[in-house]
Amino acid sequence: AQTVTQSQPEMSVQEAETVTLSCTYDTSESDYYLFWYKQPPSRQMILVIRQEAYKQQNATENRFSVNFQKAAKSFSLKISDSQLGDAAMYFCAYSLGGSNDYKLSFGAGTTVTVRA
Amino acid sequence: NAGVTQTPKFQVLKTGQSMTLQCAQDMNHNSMYWYRQDPGMGLRLIYYSASEGTTDKGEVPNGYNVSRLNKREFSLRLESAAPSQTSVYFCASSRQENEKLFFGSGTQLSVL
Chain W
1033 AQTVTQSQPE
1043 MSVQEAETVT
1053 LSCTYDTSES
1063 DYYLFWYKQP
1073 PSRQMILVIR
1083 QEAYKQQNAT
1093 ENRFSVNFQK
1103 AAKSFSLKIS
1113 DSQLGDAAMY
1123 FCAYSLGGSN
1133 DYKLSFGAGT
1143 TVTVRA
Chain X
908 NAGVTQTPKF
918 QVLKTGQSMT
928 LQCAQDMNHN
938 SMYWYRQDPG
948 MGLRLIYYSA
958 SEGTTDKGEV
968 PNGYNVSRLN
978 KREFSLRLES
988 AAPSQTSVYF
998 CASSRQENEK
1008 LFFGSGTQLS
1018 VL
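In the order they appear, the protein sequences are chains W and X.
Quick note: the first sequence uses this note's numbering, first residue 1033, plus one each step.
Quick note: the second sequence uses this note's numbering, first residue 908, plus one each step.
FYI, nobody ran anything at the bench for these hints, they're computed from the structure.
Ideal Cβ placement from N, Cα and C applies to all residues, glycine included.
Worth double-checking, as some hints may not be accurate.
To be verified - Looking from chain X toward chain W, a few residues come up when the C-beta cut is under 7 angstroms (computed): (1) G947; (2) M948; (3) G949; (4) L950; (5) L952; (6) Y955; (7) A957; (8) N1005; (9) F1010; (10) S1012; (11) G1013.
Chain W on its own, in the form it takes in the complex (with noise of 0.2 angstroms):
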């Protein structure tokens, strides 16, 4: 089972600031896809960014964007100008390419606070 490390289980961050949330993983593949994913206190799990491995360019969602450090398998996500609304819990999550290979496999989770 491939495994998702996210090492810090909470982080602050003033509003306008700007905060990067770590995240590591463990494959012996070249083809895959990472994702982090957002869970704010309704529960509901949405999607803030999506990579595909054989992209050297990292993605970017708005204020969210990702550098993705394949030798080092280090996918860290920044978000940008910090929101009352980026408050929440973010999911990085690691899922092999190819076809018939549906598993998703979630790290732990960090908890980000947002000081007004």
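Fit chain X to the supplied structure of chain W, relying on the hints for placement.
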């Protein structure tokens, strides 16, 4: 614009009771999934259905059964509930593998 709908939202069972969690999606997705979320462990895949008519075990299938009733519906059954099955359960769907998952709002299940 319902997306993924799962019922019930909350349930309390006694050890040994059975129940079925229902899930339906209206996005014409091929793949559907059941996850459980426990504190400090993220989400773990219980079962998935890659397409209508197929189901496969995930990471933690013991104690559960699933049915892909049609393309829209995917149910999860606990035949004899145990306290270890106390968790939050999420149903999800996707157009195909490795694509964005759309999640339901979750079911908080407590087994006493």
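Against the structure, the hints:
For X/G947, the interface hint holds, since its Cβ comes within 7 angstroms of a Cβ in chain W; the closest pair sits about 5 angstroms apart. Because the closest C-beta pair between X/M948 and chain W is about 6 angstroms apart, less than 7 angstroms, the hint holds. Residue-level restraint check for X/G949 holds (minimum Cβ-Cβ distance to chain W is 4 angstroms; threshold 7 angstroms). Evaluation of the X/L950 hint against chain W yields a held restraint, the C-beta minimum of about 4 angstroms falling below 7 angstroms.
Taken as an interface hint, X/L952 checks out: its beta carbon lies about 6 angstroms from the nearest beta carbon of chain W, inside 7 angstroms. Taken as an interface hint, X/Y955 checks out: its beta carbon lies about 5 angstroms from the nearest beta carbon of chain W, inside 7 angstroms. At a threshold of 7 angstroms, the smallest CB-CB gap from X/A957 to chain W is about 6 angstroms, leaving the interface hint in force. Hint on X/N1005 holds. Least Cβ distance to chain W is approximately 5 angstroms, under the 7 angstroms limit.
Given hint, X/F1010 at the interface with chain W, holds; its Cβ is 4 angstroms from that chain's nearest Cβ, closer than 7 angstroms. The beta carbon of X/S1012 is positioned within 7 angstroms of a beta carbon in chain W (closest approach about 6 angstroms), and the interface hint is therefore held. A hinted interface residue such as X/G1013 counts as satisfied when its beta carbon comes closer than 7 angstroms to some beta carbon of chain W; here the least separation is about 5 angstroms, so the hint holds.
Of the numbered hints stated above, none is contradicted by the structure.
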